[in-house]
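Following the hints, put chain B in place on chain A, whose structure we already have.
Chains as they are written, first to last, in the working numbering: chain A, 1 to 300; chain B, 1 to 300.
Treat each hint with caution, since some may be false.
When chains are identical, the list treats them as one kind, so a pair holds in a single copy or across two.
[Unchecked claim] In silico DSS-like pairs for lysine-lysine, Cα to Cα no more than 30 Å straight-line:
| id | residue 1 | residue 2 |
| --- | --- | --- |
| 1 | Lys47 | Lys29 |
| 2 | Lys27 | Lys40 |
| 3 | Lys245 | Lys256 |
| 4 | Lys27 | Lys78 |
| 5 | Lys78 | Lys264 |
| 6 | Lys264 | Lys245 |
| 7 | Lys29 | Lys245 |
Since the hints were made in silico from the structure, they are not lab data.
Protein chains: 2
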Amino acid sequence: MSVRYQFEKIVIVGVGLIGGSLARVVKHKRIAGIVVGVTKSRESLEKALKLGVIDQGTNSLGEALPGADLVVLATPVKTLERQLGEVATLTSDDCTVTDVGSVKANLVEAVASGFPSMLTRFIPGHPIAGRESSGVEASSADLFDGRNVIITPGDQSSFRHIERVTRLWESVGAQVLSMSAADHDRILAWTSHLPHAVAFALVNAMANHAESEVLFDLAAGGFYDFTRISSSDPVMWRDVSLTNKAALLEAISGYKAALDELAKLISSGDSAGIEQYFRQSRDARNLGLKQKSLEQKSRK
Amino acid sequence: MSVRYQFEKIVIVGVGLIGGSLARVVKHKRIAGIVVGVTKSRESLEKALKLGVIDQGTNSLGEALPGADLVVLATPVKTLERQLGEVATLTSDDCTVTDVGSVKANLVEAVASGFPSMLTRFIPGHPIAGRESSGVEASSADLFDGRNVIITPGDQSSFRHIERVTRLWESVGAQVLSMSAADHDRILAWTSHLPHAVAFALVNAMANHAESEVLFDLAAGGFYDFTRISSSDPVMWRDVSLTNKAALLEAISGYKAALDELAKLISSGDSAGIEQYFRQSRDARNLGLKQKSLEQKSRK
Numbered sequence: 001m002s003v004r005y006q007f008e009k010i011v012i013v014g015v016g017l018i019g020g021s022l023a024r025v026v027k028h029k030r031i032a033g034i035v036v037g038v039t040k041s042r043e044s045l046e047k048a049l050k051l052g053v054i055d056q057g058t059n060s061l062g063e064a065l066p067g068a069d070l071v072v073l074a075t076p077v078k079t080l081e082r083q084l085g086e087v088a089t090l091t092s093d094d095c096t097v098t099d100v101g102s103v104k105a106n107l108v109e110a111v112a113s114g115f116p117s118m119l120t121r122f123i124p125g126h127p128i129a130g131r132e133s134s135g136v137e138a139s140s141a142d143l144f145d146g147r148n149v150i151i152t153p154g155d156q157s158s159f160r161h162i163e164r165v166t167r168l169w170e171s172v173g174a175q176v177l178s179m180s181a182a183d184h185d186r187i188l189a190w191t192s193h194l195p196h197a198v199a200f201a202l203v204n205a206m207a208n209h210a211e212s213e214v215l216f217d218l219a220a221g222g223f224y225d226f227t228r229i230s231s232s233d234p235v236m237w238r239d240v241s242l243t244n245k246a247a248l249l250e251a252i253s254g255y256k257a258a259l260d261e262l263a264k265l266i267s268s269g270d271s272a273g274i275e276q277y278f279r280q281s282r283d284a285r286n287l288g289l290k291q292k293s294l295e296q297k298s299r300k
Numbered sequence: 001m002s003v004r005y006q007f008e009k010i011v012i013v014g015v016g017l018i019g020g021s022l023a024r025v026v027k028h029k030r031i032a033g034i035v036v037g038v039t040k041s042r043e044s045l046e047k048a049l050k051l052g053v054i055d056q057g058t059n060s061l062g063e064a065l066p067g068a069d070l071v072v073l074a075t076p077v078k079t080l081e082r083q084l085g086e087v088a089t090l091t092s093d094d095c096t097v098t099d100v101g102s103v104k105a106n107l108v109e110a111v112a113s114g115f116p117s118m119l120t121r122f123i124p125g126h127p128i129a130g131r132e133s134s135g136v137e138a139s140s141a142d143l144f145d146g147r148n149v150i151i152t153p154g155d156q157s158s159f160r161h162i163e164r165v166t167r168l169w170e171s172v173g174a175q176v177l178s179m180s181a182a183d184h185d186r187i188l189a190w191t192s193h194l195p196h197a198v199a200f201a202l203v204n205a206m207a208n209h210a211e212s213e214v215l216f217d218l219a220a221g222g223f224y225d226f227t228r229i230s231s232s233d234p235v236m237w238r239d240v241s242l243t244n245k246a247a248l249l250e251a252i253s254g255y256k257a258a259l260d261e262l263a264k265l266i267s268s269g270d271s272a273g274i275e276q277y278f279r280q281s282r283d284a285r286n287l288g289l290k291q292k293s294l295e296q297k298s299r300k
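With the rest of the complex left out, here is chain A (with noise of 0.2 Å):
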């Protein structure tokens, strides 16, 4: 009796750290029959080997995709658009196609201008966890555990396919919500793409300090942990902000005039005023982690 897997082959595109730790839960729990990892360097493939992350490697599309059920895009996102059209033509009508970018709007409109017969089986998805490490060797297979995976599928998006991506990432611990590209973008802007910009801004408005060799010297702890997702990958974020741009731009802007606000207060000397803010600050933070941890008890 041959055991029955939910894949025959997975393929994912880009072993880095979102790819790498899901082709790793996908080897330890047995999803798939076959784990194929594509990366571009001959040296990244090399690790991801000689660490067990994928069964095999190659650094061709078109070498990997025949034969596979699903594909998986885990590259930064302006790559990612380049590869759709080698991922429509080289894969079957069969195979469903998702991806794990932080951007979905521009994606599904690649998809919808260039090779609209794939809007059946692709569907856009976005795990909501990371790390300011990356490459393969910060992966690992618990990554998804606990977390939030948001799909965006659109009209022309099966069912079939819906389910499958949705099953997927049920199965390596992760709870799935729908929204659209539209929504997902709008959101993500605020709680992850946002924060990334203020985190890159601060560290550069320091580094730029005519004094900033004393300022980083002297920063404690807390300043390196809060600026710890300034250290992220230079070439994601830069992907991730031009194709996020409009809301992004939107998510800065009331960003500004909320400091400009605090910075009005702390001018005009308003002690309640100032307490007022960082008192709203404090308790809608301490809030939102408590439902945040309520919501993971519940689901466990």
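Here is chain B on its own, set in the frame of chain A:
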């Protein structure tokens, strides 16, 4: 033969995170004959006594101060200013007075104008060690281990009192740096007060967003790590903002320029510029972190 302590009687005014941690390590390392804590609320007094953080406690400065050879003021900046009078009159000319506040120039001014005779023995200090949690429950004896403590003695400070404060902090594992109060305030505005303002503003902007509940729910762990410092004590940070107003507003304005530059790069779609901006931030932070860890190693 009786034991010689570094201090006979240390009075710590304000037994919260910093005061409580100092009390703990002073007791643990037998740096003082007796550690007396002063807190205004009966509840936190009982907590501090129950936790064994202090030897004796009272809510009255008048009761605690006589006979002290070291007074450490560890109350929020504004409270501290109001306590200077009693400290000046109820301690002997031989008693060393220091504080742990995050802003120094205002305090030096308050002492110089109100209690000039205390200038020889009042040595302002600031341990660069904090946590977002506050209160005596959060205190721990190793809080200052390997940390920097900045002292800002003035022209009239007596060498003997500088030495005593320096020795206190070195005895609890910290490294003591000396600079002017103005330099301290300018540097700390960037390394500590600005990051707090930036984090408070980020959470505030999200809290005031029409979809704030969804935003806090979908924010990933990275967001909560990033904004951890916005859960800091609102009263303490209100006082910091008010007393270091000019330097903080200047830092906020420098930060806004950096954020504007990023927004401009994104808005114009300058791919290379954005990547370079992010890369610079990442490299600066990583370099700072590396140098800090080298320093800490060389101290051990």
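Item checked: Violated constraints from the hint list, given by number and in increasing order -> Checked against the structure, the only hint that fails is number 7, while the rest are satisfied.
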